[in-house]
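Asker: Sequences listed follow chains C and P, in order.
Numbered according to my numbering, the first sequence spans residues 494 to 708.
Numbered according to my numbering, the second sequence spans residues 236 to 451.
Hints may contain errors.
[To be verified] For lysine-lysine, the following PhoX-like pairs were computed, each having C-alpha atoms within a straight-line distance of at most 25 angstroms:
| no. | chain 1 | residue 1 | chain 2 | residue 2 |
| --- | --- | --- | --- | --- |
| 1 | C | K583 | P | K355 |
| 2 | P | K389 | P | K355 |
| 3 | P | K371 | P | K344 |
| 4 | P | K382 | P | K355 |
| 5 | P | K371 | C | K630 |
| 6 | P | K344 | P | K382 |
| 7 | P | K355 | P | K244 |
| 8 | C | K630 | P | K344 |
| 9 | P | K389 | P | K344 |
[Stated by the list, open to error] Partial selection, computed: residues in chain C whose CB lies under 7 angstroms from chain P:
| no. | residue |
| --- | --- |
| 10 | M518 |
| 11 | H568 |
| 12 | P590 |
| 13 | G592 |
| 14 | I595 |
| 15 | R599 |
| 16 | F603 |
| 17 | L605 |
| 18 | L609 |
| 19 | T616 |
| 20 | T661 |
| 21 | N664 |
[As the list claims (entries may be wrong)] Sample of chain C residues lacking proximity to chain P, with all beta carbon distances greater than 12 angstroms (derived):
| no. | residue |
| --- | --- |
| 22 | A504 |
| 23 | Q533 |
| 24 | G607 |
| 25 | T610 |
| 26 | E626 |
| 27 | V668 |
| 28 | V688 |
| 29 | P697 |
If you're looking for bench data, these hints aren't it; they were derived computationally from the structure.
Yeah, the Cβ is synthetic: ideal placement off N, Cα and C, and Gly gets one too.
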Amino acid sequence: MKTISLKDAVALIPDGASLMIGGFMAVGTPERLVDELVRQGKRDLTIIANDTAMPGRGIGKLVSAGLLSRTIASHIGLNPETQQQMIDGKMAVDLVPQGTLIERIRAGGFGLGGILTPTGVGTVVEEGKQRLEVDGKSYLLETALRADFALVHAFLADYLGNLSYALTARNFNPVIAMAADTVIVTADHIVPVGVIAPDHVVTPAPVVDYLVANE
Amino acid sequence: MDAQTVIAKRIARELRSGMLVNLGIGIPTLVANYVPEGTSVFFQSENGLIGTGPIPEEGMAHPTLTDAAGHPVSALPGASTFDSAMSFGLIRGGHLDMTVLGGLQVDAKGRLANWMIPGKMVPGMGGAMDLVSGAKRVVVAMQHTAKGRPKIIKECSLPLTSLRQVDLVVTELAVIAFPGGRATLLETAPGVTANDVVVATDAELVVPQSVPQMQI
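Use the sequences and the hints to build the structure in full.
Answerer: Here it is as structure tokens:
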């Protein structure tokens, strides 16, 4: 794990990269990284996240700035700009049931090729997918997802990169931290090693690549 | 009493102590206002919280304690928080006793469409497909008609949320269940006759000889 400045962290991300971004309606989204992506004007990004928040918050800022060419999410209903860009053909949007999306990411981070879920059997979600019967029950084969980068926001990070999260700001963060080639973390508080008790570490330090320095 | 209150109060009577319950946005959220006295349930918010409490008092909100719409909530004693994989493990894994969701259409066999109107509204399914596929009991809270047109119809014209048959539909006119895969009138709202419900429904409805009045 290396500590890094905000500017240098975002400079690692090339145009066209795929990013998993934590947060649920912008709660638990690394806002500083999002703002810096906009400032550096990254282009043609693919994002994998629960939702696209709303204009002016979290991932909504990336949508408004026109930085995204593809979004994989479970919900875009509270961001009319995402829907408009999808209708205008400026951005491809893949809608995935929320429980399936998080499990596909978990599979990607846990070394699995995919998961079997009953969710979506017999609906439009099944189109183009394999249906498998196991013990008489139908499941869809949903393949694993990984990304080039995970942008994670934690509540506490210690100097080694151990992470803990706050309340409902946890959501996708610890799961995406396992599923990307490069994991970049911002934290509300950077604290000495030992402040987070071993039992309270949710994301262990070795999975974190870069911890963004606080200002 | 307005339609939404009738629906929310009736659904609240389905709650039992110790249940883990997920309430969707809209009318379902109102159910939390009518939990019967002496009944203690756990409300789950799919963004990662069990023990969701009421909207906090002025000055007591926290930016990282929110519901699935991102609005501030409080947490009750005994609350717990977890990541999204755990949250949907609870939902799909048979741990969620009841889910209450809104509906756009329900067909004669009790199948629900509630997540998109092609060409008009494509918000994404969020957690709805997992909730309907995975909860032990699925209750639909919706008005009986939309702009005068029945929402309980022979076949859903909108994309289904799940093939799974819902357990109960509660509207401002009636309570309907689907025993044996057939829409059956269980209760009518005060001042509503069985015939009123039949007229407002565009699917075959089994009407027993005696239909009790909804207790709210």
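Asker: Check each numbered hint against the structure and report the violated ones by number, ascending.
Answerer: Of the numbered hints given earlier, those the structure breaks are 7, 16, 17, 18, 25 and 27, listed in rising order.
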